[in-house]
Structure formats: structure tokens, C-alpha cells
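Q: Top line first, the protein sequences correspond to chains B and F.
All residue numbers in the first sequence are consecutive under the working numbering, ending with 474.
All residue numbers in the second sequence are consecutive under the working numbering, ending with 474.
Simulated from the structure, these hints should not be mistaken for lab results.
Do not take every clue at face value.
[What the hints assert, rightly or not] DSS-like cross-link-like pairs, simulated, lysine-lysine; straight-line CA separation at most 27 angstroms:
no., chain 1, residue 1, chain 2, residue 2
1, F, K418, F, K166
2, B, K409, F, K166
3, F, K409, B, K34
[Claimed, not checked] If you want the ones that stay clear, here's a sample from chain F, every Cβ over 12 angstroms from chain B, calculated:
no., residue
4, Q284
5, S373
6, L413
7, A427
8, K456
Note that the coordinates shown come from a computational prediction; the quantities given were computed from them, not determined experimentally.
C-beta atoms are modelled at their ideal positions from N, C-alpha and C, and glycine is treated no differently.
Protein chains: 2
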Amino acid sequence: MSKTRTDKRLLKNLRYLFHPEAVAVIGASENPSKLGFHVMKSLTQGAFPGAIFPINPGAEAIMGISAYPSVNAVPEPIDLGVIVLPAESVPSVFDECIRKGIKAIVLITAGFKEIEDPRGAELQEILAGLANEAGIPVIGPNTFGMANLHRDLNASFTPEFSRLPKGTVALVSQSGGISHLMAFMAMRQDMGISKIVGLGNRLNVDFSDMVAYLMDDSDTNVIMLYLEGLDDPRRLIEAVSVQRGVKPVVAYKTGRAESGDRASLSHTGSMAGRHEVYDGALKQAGILCFDDTQDMLDAARALAMCPPPGRGRIGVLSGQAGPAMAACDVCEAEGLEIAVFRPETQTVVNGLLPPLALRTNPVDMGPAWYSTSAITGVVKAVLEDDGVDGILLLMMFASANRAAVAGIKEFLLEWKQKKPVVSCLIAPPGIWDSEVADLEKGGALINLPTPERAAKIMAALWRYKRMLAGLKDE
Amino acid sequence: MSKTRTDKRLLKNLRYLFHPEAVAVIGASENPSKLGFHVMKSLTQGAFPGAIFPINPGAEAIMGISAYPSVNAVPEPIDLGVIVLPAESVPSVFDECIRKGIKAIVLITAGFKEIEDPRGAELQEILAGLANEAGIPVIGPNTFGMANLHRDLNASFTPEFSRLPKGTVALVSQSGGISHLMAFMAMRQDMGISKIVGLGNRLNVDFSDMVAYLMDDSDTNVIMLYLEGLDDPRRLIEAVSVQRGVKPVVAYKTGRAESGDRASLSHTGSMAGRHEVYDGALKQAGILCFDDTQDMLDAARALAMCPPPGRGRIGVLSGQAGPAMAACDVCEAEGLEIAVFRPETQTVVNGLLPPLALRTNPVDMGPAWYSTSAITGVVKAVLEDDGVDGILLLMMFASANRAAVAGIKEFLLEWKQKKPVVSCLIAPPGIWDSEVADLEKGGALINLPTPERAAKIMAALWRYKRMLAGLKDE
């Protein structure tokens, strides 16, 4: 970064990055081997409701949209410029953008600070000077771009990002690869995303700026960060600390390994840095840290959907004993307590289940497979127990329990998540899919593909709650 | 278990359990609220090529197949009896089966050693006496049953098990819930299964017997065990030690938590027992241990498909730097070495990739997205480097690298797995699915959904190799 404090004007202009009325693609192309082709496809196929101006001096029109030789030839105002021209031409493009009054830039072009040739870093310095002077926030260089799903804005070279379900989890990432991975994972598990931003070399927009913006973004409830290295970690920590607890911030930082650290230097022009130092500092700021993409994604989804499990006392209600044991092992390892039911609760459970399997916590509801009312009764009694702060609801399909999920659906949808319900309701493809989707969409529960992942997610909710409480006590 | 040594006759008769010519369903029913209905459905829908005899004194025919009042009324020999009648009637059914000359039994009925009433355990003792005397191996009681996919035999109450892809990984499990979970996971990731066996209360067939049988089973290459508790762990350890290294055996044991241990007692009539003691003993026997269903399943799939990574020196070849860093972190944490390329290899890589990103290991192949020949050249050079024992091939889809997977397909299919290739080739649904499936079916690689899981799988292959080497040295 070429400055110590982000200009207020620059932060204010982030609004135009995510909510532009008009976007120019500088370097738009009809040649599929050019990134300018893919960016045009992203914008046009993504149903962006604003104006799109392809900029290309050699074309009349691109993808059926009138093209202009430069941004200054466009007769209307432009908020956002997406640049895909070669590195050496970018300084003059920046000049033109400033003259045109463009408010924000996505600089996809690579070949700056991250390359071996020192001229790359020099060029990046020149651009930073121009952008800072003009108060223009720049995403990149060396990035895939960004997307704001709630504006139907896909300003990236990956048209497929427009397929992402709209939701409330934002991803801000230093790696295009990890961003693409997490986006495709989100698609495959139907997880809703608000914004996805590839910071690239971070010319003048860093994690701290994005966190500050997203804390006030009404479309975002949870912020995910993928980090490799930071020039000034204190700025991020300050940005999160100021609004600690307002919205959960989760982070995954790679570069623990020596070899990975080398990769980081080359990748985005920063060493990943001492992992332990970061880890402690991020936690101190109130950021929940993970060391796995799937774990972070699961936790972000849970934090967006579930209340915290009060004092961490969990009821484990299972259709079979084995998955309950697997979940209990994880719960205890992660510091959750397997609740002791109130006597009244235990009486209800004993009245609903025959003495054929375990009826204390964990509860094996196996003998009640055929009885929707018994299963519902057990779940209700345990959810209403004030000594239980959340439940893990585990059931593996068998022909005899086919009706169980449909049977508890109504009750769970009405219960409305006063306590977290994390489930693992698993069947062969096509059997419980629609019921589970309805339960998730209705906010009744969050479903995970293994009992261990369900328990880990409950533990992440608990860890976040304890972390905030611990920081408050200090 | 009611005996200290398994009878030789009993072990020999396990052949009839998995390869019967004729099966009787004792308690067959046309009432969908009876397990006898679901077992009949499993056998008939599973395309079992042998004879099926429904036994029910009150029915002429069940699902269009002539029914008989008892096994002794059946005019032909019967190899396998599947029993779904209430517990109290089972001793007399056993008597009839013995008279009929039935060679093996699957006893699905619950209500024996696992229930609170001590009569359950007494009844189980009686059955064990009868079965041992007659040399009949009994799967169960208190089990979903079993399936032998290579015989199209689904002798369980879950007809959906017939949907499992045929393959070489066997699962022997003490939990019906975990068995169902792993079966559905296998279906969802198209992982081939040979046999799936729910041991239940283990009347007279335990893990050791199944391992001994599966070591000689030509349809099985890898054996997965899900354990909760063992009455006599030494027998399992002996059974594995005797044939150590012949086939990989992997295990997942729950009951680490106190609450889970309580559940185990109720579940299958055995305390899960001191976890650490088991863990050490299982490792000593040459069993690779896991504490997560997904981790065990991934490892079993990898052990069935991949050679071991020689001396653990890994090449990390990635389409983007971030996923490479994530993989390197896991590799180093798990004791794998990020290889240093031979100078010749490095020269080839440098000739194929421009100096825009990291070209030493890990290699960021980002600048070669458009060039299939460059990517293939890098992969080939690194696979041919005798200082590299396996590669992690990571690539997240972007429009510009769409052709990359198709482009390296031919080369990888020809390479034929002299070294393990573990990949994470991830795209939105529908984009690379068929190419990746072809590569997996052709034995060229194993694909995982995150770079961390890919690295963990490489580490599991390496851990297995080191474990065997360590035990050999003793």
C-alpha cells in the first residue's frame, strides 16, 4: 500500500464499486481468448440492470452493445471502470478514467508487484499515486474482479459467478483460486453469497477498507476473509475491533508452511508473514479463525443462519446411536457440554421412547422411527428444556424412517430458531432433499453432510460466542 | 461373544453369507410398516440372481413370489436365512434353520443384549449356543443386515443400498447409522463398494472374522472398519497382523467422549472402552486410524486407487497460487515434503512458464491457463522427476482455463499412476464433471473437493506407507 490511512473520499467511493449505475469495460473484446471477452460476458449474462459501455478503439460494437474508442467518448457518466488492458497501458487509462470522473476501478490486469521484473512494482506505485490523488478505490491489480450479487453486478472474468445464490455472506479474498473454489462450493451447497471480492495486489483497497464498508452493508451479515499476508495487519484489526460483534468476521489464513510463504511473495507481492503473530492478533480483534476452506465456509453459513448456543449445553438427538457417538466425540473435544436433561424433560422422553435404546442424552430415537409424533415430541421436549442451549439432530435415512423428516418439518419451521438446530439428515440423492431444503430456507436448521461436521459447526457457533464474551471481559 | 475362538466351520460358512444360491426371508411381509417388507424389496429390487423364498405362514405369495409357512416347507436347499421376526420367536426359528441345513444367518431383529431388560442378553446367549453348535455364522442381531454388491445381494432392510456403485472397498461396521451414512456418502461421490456389513451385537461373527474373510476376498482391496467397542480386541489385531500389508485396513473408532461411551453400552451391548488403548493397539496391528467418517472414506478411496508416494516428496502444481498455499500448509503439517525439483525439471518448467508467477515448487501455472501444452509439459516434467514421489494437481475453473482439464486428460490417462496424482479440479456443476469422472475411472487420479482434502489424502497414503515400514523395522 502506498499510503498509511485510506482517504475518506476513497472509502465513500466504494459505494460506486458495488452499486454503479454505469460500467465501462476498458479492453472489451469479442475474442474468447481475451479476458475482455469474459468480463463482457459476465456483465451481460449477469443481468446487470445499469448501463454497460464496452471500450475498444477497434470495434463498432461488442456483444451487440455499442463500443466507444475511450471512456471520454462515452456521452454519459460512468461510475465503475473495469480494466483488462496490458499493464504498460494502464497509467494512461487511469488518466482518462480520472478525467472522465469515474468513481471506482476494478483492475484485472496482472503484471505488477507480483512479477519478478522490478518494473512491475514501479508501475504499481505510479498507479497508486494516481488513484489516491483522485480518491478512486481500486480493486486489484492482478485479480479476477468482484461481484455484488444483490446488484446483479458481475465485474469479473468468470461469468459463472452470476450463478451464485443471493445471500448474506460476503467473501473478501487475496486469492482468485480460493475465491473461485469457495464460490463453486457455495453453488454446490446452495449457500447464499452477498459479495465476492478479489483484492489482488491491493493497490489502495485492503481488507480493512472492505471490512469497514461491509460492516455497514445491509446485504451482508457475515464477512469471510481469505488472507495470505498483510502489509499493515493493525489496520484490519482496528477495523474489526471498532465494530466487534456487530457482524461475525471469520478468516482463513494460509502461509503457515515455508513453501507456501514463498508462493505468497510471488503471488500477491507480500510475504505471508509469521502465522502465529497473525493468528493471535486476528483473534484479539474478534475474528474467528479457521485453517480449512470447508470449515470456514460451514461456520460462515452457520453464523448467518443460527443463534449462538447460549451456555454451550447440547442435546444430541439421533435416529441411530453411531452418528450420536461420533457427534459427542467432536462436541466434547471442542469444549461443548453434553447437556443433562431436566427431570421433566427426561420423563417426557421416557414416555415417548420404549426402553430399547439410550434415552438420556445422547438420545437414540431408533425405536421411534415409525412414529413421527414420538420424534417430534422428543425434539420439542429437549428444545424447550432450559438446560439445553442447542440441538444436534442426526438421522440417517432408512426405509422405515422415510417419513420422519417430513413429520418434524412443521414443528421445526414453527419453532423459529430460538436455539440453534444443527442437523445431519442424510439420505440417498433425491429422497429428503426437498424437505431439508425447505427446513433450511425456513431458517429452522442448518444441515451438514456428516455428524462430525454438524458438531464442528455447533462448536464454531459456541467458539464465536465465547470469544466475544472473553474480549468483552477484558 | 460366547466363544473365544471362531469355529473353522463357521468361518468357512461365511462364503454362503456373501454368495448364497438361495435366500429365505423369515418374516417376509407385504406390509410396508414391517421390516420384512423392506428386506423383500431389497432382495427383489437388487437383482439378486439366486432364488428368494419368502417365509410367512399367513401368505400365499409375497411381492409375487410364492411364500412358504416355514423354511422346512421349502422344497429346495437354502444357504442364507434373513430373520426379521420378533426376538422371542428367534430361538425356534434358529432350530428350524439348523434342521433345514441353512449355512448362514442375517439376524436383523433387535431386542437382545442391547436392551435394558436382562432377558435380552439371556436370549442372545441361547442363540449363540445354537449357532456355534451348528457352525452357522450369524450377522447381528440388531443390525440392518448386509450387502454384497458383486453378487447383487442386498440382504438388508434398506433397498437403496442396491444403488451403491460396485467397487473394491468393503465396510464392516458396528453401527447401522454410520453404515448408512457412509453408503450415502459413497453414492454421492460415486465411490465403489464391494460389501457392506452391519455386525450389530456380534452374536458369533466379529471384526476379526470379517477381516480374515475379506483378506482373501478377490472383490475387496481395502477394508474399512467402524468400531465402537470390542470384547476381544486382540483377535482383531491378530487377524490384521497376520496379513499386514496384504490389503490396507482403515478404522474409525468412536467412543472417545464419556457421553458416547454410555451410548455404546446401550447401542451394541459393549462399552466403547479406553480409546487410547485401542488406538495404540490398532496402529500396532497395521490399521490406519481416523477420527472422522469423511477422512476415513477419502483415505479408503485413495488407498484403493493410488500407489503410495515413495519417499513423501510432493510436487504441488496449481492453476492458482492460493490453493497451492493451502495444500502446502497441510502437506508440511502432515509430514510430507515439498520436493525440490531436479535442475533439469526446473529448466523445463522455466521454459514453459513465463516469469510472472512462482515456478519453483509449488508451481503456479496461472500464466499458462490458455496453453494446454504448457500445463501438460509442466505436469509431465514433474511426474518424471525422480525426486518427486507424487503430485497434487490443483485447478479452480475460470473461463480462461476451461480447456485445461480436457487438455491434460490424454497424457494423464496414459501415465497410468506410477506415482499418485491427487487432484482438486473444481468447477461449477456441469463443467468439468465428465472429464474428471473419466480421469478417475481411468485410474489416472483421485479428485477431491478442496485442496486441503487433496493434501490430507496424499498424507494418508504416505502415513500408511510409513506405518507399514515402521512395523517391518521392528
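Q: Hints first: check each against the structure and report whether it holds.
A: Going through the hints against the structure:
About 24 angstroms separates the Cα atoms of K418 of chain F and K166 of chain F, which keeps this hinted pair within 27 angstroms; it holds. With a C-alpha separation of about 35 angstroms, the suggested pairing of K409 of chain B with K166 of chain F is violated against the 27 angstroms cut-off. For a cut-off of 27 angstroms, the pair hint linking K409 of chain F to K34 of chain B stands: about 24 angstroms separates their Cα positions. Non-interface call for Q284 of chain F relative to chain B: holds, since the shortest CB-CB distance, roughly 22 angstroms, exceeds 12 angstroms.
A cut-off of 12 angstroms between C-beta atoms confirms that S373 of chain F is not in contact with chain B; the least separation is 15 angstroms. Listed as a non-interface residue, L413 of chain F keeps its Cβ farther than 12 angstroms from every Cβ of chain B; the least gap is roughly 24 angstroms. For A427 of chain F, the shortest C-beta to C-beta distance to chain B comes to about 6 angstroms, within the 12 angstroms cut-off, and the non-interface label is violated. With a minimum CB-CB distance of about 9 angstroms to chain B, K456 of chain F fails to clear the 12 angstroms threshold, and the non-interface call is violated.
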